[in-house]
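Respectively, the protein sequence lines represent chains C and B.
Position 195 of the first sequence, counted from 1, bears residue number 209 in the working numbering, the numbering being contiguous throughout.
Position 305 of the second sequence, counted from 1, bears residue number 452 in the working numbering, the numbering being contiguous throughout.
Calculated directly from the structure, the hints in this document are not laboratory data.
Please note that a few of the clues may not be correct.
[What the hints assert, rightly or not] Computed from the model, here is a short list of chain B residues facing chain C with C-beta under 8 Å: (1) D169; (2) K173; (3) C176; (4) L183; (5) F192; (6) M194; (7) I245; (8) A261; (9) L289; (10) V299; (11) Q303; (12) V334; (13) A414; (14) V415; (15) V434; (16) L437.
[What the hints assert, rightly or not] Some chain B residues well away from chain C (every beta-carbon gap over 12 Å; in silico): (17) F202; (18) Q392; (19) T405.
Where a beta carbon is used, it is the ideal one built from N, C-alpha and C, also for glycine.
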Amino acid sequence: MQNLKDFKASKLAKIFNQFFMVSMWVLGIITVFFVLLLLFLILKDGLPYVTWDFVIGLPSEIDAGGGIGPMLLNSFYVTILSLLVSIPISLGAGIYLAEYAPDNKLTSTIRVCVEGLSSVPSIVFGLIGIALFVEYFQIGLTIIGASLSLAMLNLPLLTRVSEESIRAVPHSYREGSYALGATKLQTIFKVVIPVAMRGLITGLSLVAGRAFGESAVIILAGGVNASAEMWDFSLFSPGGTLAVHLWYVQSEAIVPDAKEIAHKSAAVLLFVVLAINLLFRIPLWWMERKMK
Amino acid sequence: MQQTNSTASKMSGRHWRLMFSDQVFKWFCLFSAIVLCVVLFSIVFFMGKTGVLTFEFVKVTEYFFSLNWNPGFDETATYGAGIFFIGTILLTLLTLIISVPISVGIAVFLAEIAPTRLKETVRPILDLLVGIPSVIYGFLGLTILVPFVAKVFGTQLGDGLLAAALVLSLMVLPTIGRISDDSIEAVPQKYREAAYAMGCTKLQTIFFVVLPAARRGIVSAIILGMTRALGETMAVVMVIGNVPQLAESLVQPTSVLTSNIVMQIMAVPFESTWNYALFFMGFSLLVVALLLIVFVRIINNRSEVQ
């Protein structure tokens with residue numbers, strides 16, 4: 015009798031198990047497909063209609079047929095400027111945490127700060143940008159204000175990826191270098207960083223992609239408009255980027271073809287972000303495969 | 148003799164130079180690390196300092212508990228930010244209710260069930276999704292989800308908490324999913340083997356052994372997803388409707404802290420109560436996010452001790 019009960023229980027457990035397995039498979043596959051489908055829809059609705067004129071054309075406030083040239087340029091410009099500011103600091107901080115940091119109060123304080131900074135909502139960086147550049151320095155909504163506010167946002171993530179990739183370099187490499195009489199500085203630059211380069215580049219692409227698509231910071235510190243002409247590299251031009259423009263045409267603009275512009279802008283934005291993420295990694299994947 | 152002397156002095160000159168640059172570089176690295184702390188402290192200090200000015204003009208209880216948000220520049224202006232705080236809390240809860248089961252499910256699927264090949268394809272895809280800009284998610288919400296919600300509920304507009312929560316769930320799914328996945332993967336294999344040896348099915352093993360063992364990691368994943376949902380701005384702005392009113396249903400246009408800051412800050416002068424009130428909203432978000440991070444740190448430290 016007892017045996018029969020056990021047998022039934024285990025049979026029930028088996029049925030539950032089967033049901034669970036199937037539902038997990040369905041959940042996993044459906045979610046991934048659903049998300050990919052959404053992204054595919056964005057690209058499909060926009061990318062085929064994107065022309066060269068649209069990519070480098072000037073935007074228009076009233077007539078149809080405006081382009082996104084200055085915004086796209088601003089996106090690249092602001093991203094690169096923000097990275098130029100944040101890379102030296104983050105790399106320095108990452109190297110400190112991975113190579114020098116003794117196990118003491120100061121180090122754990124720094125670690126808490128890095129984590130804390132990475133949890134700061136992006137809109138707060140935007141508010142700081144307004145307070146600092148618009149109010150204190152009185153320079154208005156500019157590229158430089160947007161870039162520096164964005165640089166603050168980049169710092170924690172970039173520091174973390176630097177630290178992780180430098181920490182991943184095996185200790186024996188460093189010992190080999192010290193045994194040859196190299197100083198710590200020489201070891202870091204000639205041995206550790208070249209070996210860690212793989213991780214550093216992946217991390218950099220992650221941060222660059224995020225900076226390229228960031229909108230909340232830019233909208234507050236750089237404004238919604240871009241320069242009225244193409245190839246304007248002035249640091250004090252309005253700092254609106256493509257991501258901000260996408261929001262702007264969708265909700266505020268009055269041009270008749272706002273909808274098409276939004277679709278095309280979204281497709282270009284997504285395409286560039288995917289390209290930043292993938293292009294950096296393809297050579298690395300390829301190298302890895304070759305190594306195997 | 149002379150020659151050896153000069154070589155020696157050359158050697159020591161080189162030696163000193165190397166030692167000197169070594170030290171300079173070390174100090175540069177320490178300085179960089181300290182810059183990060185200074186940035187964080189100045190942000191907290193400055194946001195707090197500007198935000199607190201609100202309370203020279205508005206009572207604390209009115210600010211947090213009143214639902215009358217009628218900012219302006221005359222005597223009749225009221226600054227009851229209660230609706231935005233309630234909105235943010237509701238939106239975050241709704242997002243977690245939708246996204247936690249799905250993302251933890253995905254994590255279980257990836258770590259325990261999926262064959263290796265599938266794992267290796269899906270994981271990079273999820274990592275890639277973390278990097279998709281929030282305006283793209285907002286745009287997706289606006290063009291696909293909002294009309295869909297409007298159709299299902301039969302309302303004219305689909306903007307509101309539900310649409311925003313759906314978009315946010317999509318955004319935090321890869322974050323929660325991947326971190327939980329890593330923590331489930333980190334559960335020692337012998338735990339599972341012991342459970343199987345006792346005659347457990349896979350389902351029982353997952354629910355009674357693996358998930359409890361990975362719970363700290365999963366909780367920190369959920370909190371990290373929560374901070375992302377709390378601070379998310381543009382995706383929410385695009386689908387929530389931006390009307391400063393308390394939501395009476397899931398499909399009524401409303402506002403949350405972040406969306407209200409963005410929509411109003413550009414129209415107000417810096418030295419006004421209105422602006423200070425918006426800065427204090429930012430400061431509140433900042434404080435909550437920092438507290439959550441400290442909480443995650445405590446959880447992780449404890450699991451390290453054990």
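Cross-check of the supplied hints:
no.: 1; hint: D169; verdict: holds, 5 Å
no.: 2; hint: K173; verdict: holds, 6 Å
no.: 3; hint: C176; verdict: holds, 4 Å
no.: 4; hint: L183; verdict: holds, 5 Å
no.: 5; hint: F192; verdict: violated, 11 Å
no.: 6; hint: M194; verdict: holds, 6 Å
no.: 7; hint: I245; verdict: violated, 12 Å
no.: 8; hint: A261; verdict: holds, 6 Å
no.: 9; hint: L289; verdict: holds, 6 Å
no.: 10; hint: V299; verdict: violated, 16 Å
no.: 11; hint: Q303; verdict: violated, 17 Å
no.: 12; hint: V334; verdict: violated, 17 Å
no.: 13; hint: A414; verdict: violated, 12 Å
no.: 14; hint: V415; verdict: violated, 10 Å
no.: 15; hint: V434; verdict: violated, 10 Å
no.: 16; hint: L437; verdict: holds, 5 Å
no.: 17; hint: F202; verdict: holds, 18 Å
no.: 18; hint: Q392; verdict: holds, 18 Å
no.: 19; hint: T405; verdict: violated, 5 Å
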